[in-house]
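Number of protein chains: 2
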Amino acid sequence: MAKDFYGDLRLGILGGGQLGRMLIQEAINFNVNIHVLDPDPNAPCKRLCNQFEVGSLGDYDTVYNFGKDLDMITIEIEKVNVDALEALESEGVIVYPQARVIRLIQDKGLQKQFFKQNDIPTSAFQFISNKDGLAQSNISLPFIQKLRKDGYDGKGVKKINTAVDFDTAFEEPSIVEELVDFEKEIAVIVARNDRGDMSTFPMVEMEFNPQANLVEFLISPSTYAEAIQAKAEQIAKKIANDLQIVGILAVEMFLTKDGDILVNELAPRPHNSGHQTIEGNYVSQFGQHLRAIFNLPLANTASRGNAIMINLLGEEGYEGLAEYEGLEEALAIDGVYIHLYGKKYTKPFRKMGHVTIVHEDRNTAIENARKVQNLIKVIA
Amino acid sequence: MAKDFYGDLRLGILGGGQLGRMLIQEAINFNVNIHVLDPDPNAPCKRLCNQFEVGSLGDYDTVYNFGKDLDMITIEIEKVNVDALEALESEGVIVYPQARVIRLIQDKGLQKQFFKQNDIPTSAFQFISNKDGLAQSNISLPFIQKLRKDGYDGKGVKKINTAVDFDTAFEEPSIVEELVDFEKEIAVIVARNDRGDMSTFPMVEMEFNPQANLVEFLISPSTYAEAIQAKAEQIAKKIANDLQIVGILAVEMFLTKDGDILVNELAPRPHNSGHQTIEGNYVSQFGQHLRAIFNLPLANTASRGNAIMINLLGEEGYEGLAEYEGLEEALAIDGVYIHLYGKKYTKPFRKMGHVTIVHEDRNTAIENARKVQNLIKVIA
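Here the protein sequences come in this chain order: A and B.
The opening position of the first sequence corresponds to residue 1 in the numbering used here, with each subsequent residue numbered one higher.
The opening position of the second sequence corresponds to residue 1001 in the numbering used here, with each subsequent residue numbered one higher.
Hints listed in this document are in silico derivations from the structure and should not be mistaken for laboratory results.
Computed from a predicted structure; not experimentally measured.
One or more hints might be untrue.
Said to hold, decoys possible - The list that follows gives simulated cross-link-like pairs (lysine to aspartate or glutamate, DMTMM-like), each with its CA atoms no further than 20 Å apart:
#  : chain 1 : residue 1 : chain 2 : residue 2
1  : B       : LYS1158   : B       : GLU1185
2  : A       : LYS377    : B       : GLU1185
3  : B       : LYS1377   : A       : ASP8
4  : A       : LYS344    : B       : GLU1026
5  : A       : LYS46     : B       : GLU1026
6  : B       : LYS1068   : B       : GLU1091
7  : A       : LYS344    : B       : ASP1040
8  : B       : LYS1257   : B       : ASP1181
9  : A       : LYS68     : A       : GLU89
10 : B       : LYS1351   : B       : ASP1040
11 : A       : LYS344    : B       : GLU1185
12 : A       : LYS347    : B       : ASP1008
As the list claims (entries may be wrong) - Here are the simulated distance ranges between beta carbons:
#  : chain 1 : residue 1 : chain 2 : residue 2 : range
13 : A       : ARG370    : B       : GLU1053   : 41 to 49 Å
14 : A       : LEU321    : B       : ALA1225   : 51 to 59 Å
15 : A       : ALA302    : B       : ALA1225   : 28 to 36 Å
16 : B       : ARG1370   : A       : LEU179    : 51 to 59 Å
17 : B       : ASN1130   : A       : GLU360    : 32 to 40 Å
18 : A       : GLU178    : B       : ASP1197   : 50 to 58 Å
Said to hold, decoys possible - A few chain B positions that, by computed beta-carbon distances, are all more than 12 Å from chain A:
#  : residue
19 : GLU1026
20 : GLY1058
21 : LEU1147
22 : GLY1154
23 : VAL1164
C-beta atoms are modelled at their ideal positions from N, C-alpha and C, and glycine is treated no differently.
Whenever a hint applies, use it, and build me the whole structure from the sequences.
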């Protein structure tokens, strides 16, 4: 298969944002023809592909017509029309990750059921169809309400502290989830190719910006005990195998204060928690995803050293044509790699880029990351 | 300056081949708008830039019109119309490397004179205006005849063993150069930004394919004595400073059997001898070139470990639509990174891609590189 691929393969990417952009940076090495569909006429991938099409990712006809002459489709966002992908699959277009995997992961309720059915550790939960269900919930307060569909980047998630919050809760079908008293949010990215080879990236530790509810600071590799890391990686592999996914899968987990691991959410695509792999590991998540979907041997995922990733978010109070302050000062620090996403407009907390900071000494890496975080401001 | 750059800067690249392609892969991180000029309508950069223009790099009007609305121009090939670049410079377009540097390096005779005037060690030479000059040369046989202009990738270079070879020698203005009995061909890439900061990549060792007269196998870092490496790096820095170049400069040198270093040739752009920096060093030659021309702080060039680079050349006996044999088998070897250049057609010895092989053990890296070399064949 691989031999036929190169040069001729038409690979479609649903979504033309930063994940697609970084996937293209890597796909250039493989010589494939890239087609991108995105609703934004100025999406970050616009000028970097063989064909860029503006259209809705949720519309059946748009996705079907985009895909019908392609050899293979992958995604950089899971909110896409799965019915169209299933039709394309039935007509012989390769869709990786498979449409059924995307359908399952689109619905956080189905994800939770899948965890339960497959003995994958996750927090206790209950489904409700509207906010009236909150009062009847047998999960004790405070708890988390999560929309089953269309949440992303922390949107669609609410902490319900007391019954007073029921009023402002989501009305749509949701999950009520036990609040996990976690020690740390961790993630493992696993890749699986069509012949069933699997490989995990080393576990990473995440720090969220509580205001933006976004991963803001990521540390790789983790310094938790080997046993914890091995357990997290084994859970990720079990999920990839249970799903029989082809491609990469990001598994976000909670490490509890008792040392237990609970799976939070899945993303069947390159993920914010894997950006540091570009400089920090022997293969990047983007390179590994391409190897997986092309059914090539998976690469060595070992860490090349300490790597910290910070998201560059639009500064609060600024909206408009993006400007970047402090880049030059940040680049004067050893081991700083800047990735700007090519977004013309900034708004508060919009992901405008990321920076990876590498250093052989972990504490120096963290200190340098803090410096970079203070230096770079995305304003307008 | 840097702050204004991002997002708005229109950077033109003269030449749309593999060097431009890899430069774009890196420039994506900086958010700049890339415009490319190349005579080949299917050049490797075609689909990866904001604007791709087909036209002659040697034509004054074409280069001038391409550049007149750009903020900055750089090159990936030195055979370009320098008069047009000088006109653009005088009108305020930033040209890095500077037009005068390109003019000097275009002519191997001027290069040699520059070495002599600046006490840069190089082999003895003499200019001749046509092949009749060969008989009068005071350089003793055997010697090398090199065209002053338009030679590249080993073309425009002849070894003259005896007077019998005078007949088939080049008729054009040439240099007659003493044949250097070298131990090894080495190279150092140096970067210099506009404020005069300079930084060298570690010295690398090259092995040529004598048939194709191309770098085919490159080893980084070198294991020669520190003193030799330091001397090579110091020569490269002296040249960059003497030229006052902005951008990167590849300095190809001979290490003689007596441990002397003689400068062979310069290339004021990313160079085949620096491809392994993508995976092998903390910054790639492409990233460093961008930092230099954007007048940003230069990055740490240290080696991250052993890296071997091999060129993927079109197999002898094949011409036509390129096919790649053995990629899958090669990717099964640990630490193998494939870079295909997106060239549709192969012909014997055409540079179709390169592979970098990294391994913590140098001998294993070399062994793996040999395996990859035997596995991958570019045929038609």
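Results for each hint:
1. With a C-alpha separation of about 17 Å, the suggested pair LYS1158(B) and GLU1185(B) falls inside the 20 Å cut-off, and the hint holds.
2. Restraint check: the Cα-Cα separation between LYS377(A) and GLU1185(B) comes to about 46 Å, which exceeds 20 Å; the hinted pair is violated.
3. With a C-alpha separation of about 17 Å, the suggested pair LYS1377(B) and ASP8(A) falls inside the 20 Å cut-off, and the hint holds.
4. At most 20 Å may separate the alpha-carbon atoms for a hinted pair to count; LYS344(A) and GLU1026(B) meet this at roughly 19 Å.
5. For the hint linking LYS46(A) to GLU1026(B), the alpha-carbon distance of about 16 Å falls within 20 Å, and the restraint holds.
6. For a cut-off of 20 Å, the pair hint linking LYS1068(B) to GLU1091(B) stands: about 8 Å separates their Cα positions.
7. A distance of roughly 31 Å separates the Cα atoms of LYS344(A) and ASP1040(B); the hinted pair therefore is violated under the 20 Å criterion.
8. Pair hint LYS1257(B) plus ASP1181(B) holds up; C-alpha atoms about 7 Å apart against a cutoff of 20 Å.
9. Between LYS68(A) and GLU89(A) the CA atoms are separated by roughly 10 Å; this keeps the pair inside 20 Å, and the hint holds.
10. The hinted pair formed by LYS1351(B) and ASP1040(B) meets the criterion: a straight-line CA distance of about 15 Å does not exceed 20 Å.
11. At most 20 Å may separate the alpha-carbon atoms for a hinted pair to count; LYS344(A) and GLU1185(B) exceed this at roughly 46 Å.
12. Between the alpha carbons of LYS347(A) and ASP1008(B) the distance comes to roughly 18 Å, so the proposed pair stays at or under 20 Å and holds.
13. Hint check: ARG370(A) to GLU1053(B), Cβ distance near 44 Å, so the stated range 41 to 49 Å holds.
14. For the hinted restraint 51 to 59 Å between LEU321(A) and ALA1225(B), the CB-CB distance of approximately 54 Å keeps it satisfied.
15. At roughly 31 Å, the beta-carbon separation of ALA302(A) and ALA1225(B) lies within the given 28 to 36 Å, and the hint holds.
16. ARG1370(B) and LEU179(A) have their C-beta atoms about 57 Å apart, which keeps the hinted 51 to 59 Å range intact.
17. Between ASN1130(B) and GLU360(A) the C-beta distance comes to about 58 Å, which lies outside the given range of 32 to 40 Å.
18. Under the hint 50 to 58 Å, the C-beta atoms of GLU178(A) and ASP1197(B), about 55 Å apart, fit the expected range.
19. With a cut of 12 Å on Cβ distances, GLU1026(B) falls inside the contact zone with chain A, its closest approach being about 9 Å.
20. With a minimum CB-CB distance of about 27 Å to chain A, GLY1058(B) clears the 12 Å threshold, and the non-interface call stands.
21. The claim that LEU1147(B) lies off the interface holds: its Cβ sits roughly 33 Å from the closest Cβ of chain A, which is beyond the 12 Å cut-off.
22. Consistency note on GLY1154(B): stated as away from chain A, and its beta-carbon is indeed over 12 Å from all of that chain's, at 25 Å minimum.
23. Even its closest Cβ contact with chain A, about 45 Å, leaves VAL1164(B) beyond 12 Å, as expected for a residue assigned away from the interface.
Against the hints set out earlier in the document, violations occur for numbers 2, 7, 11, 17 and 19.
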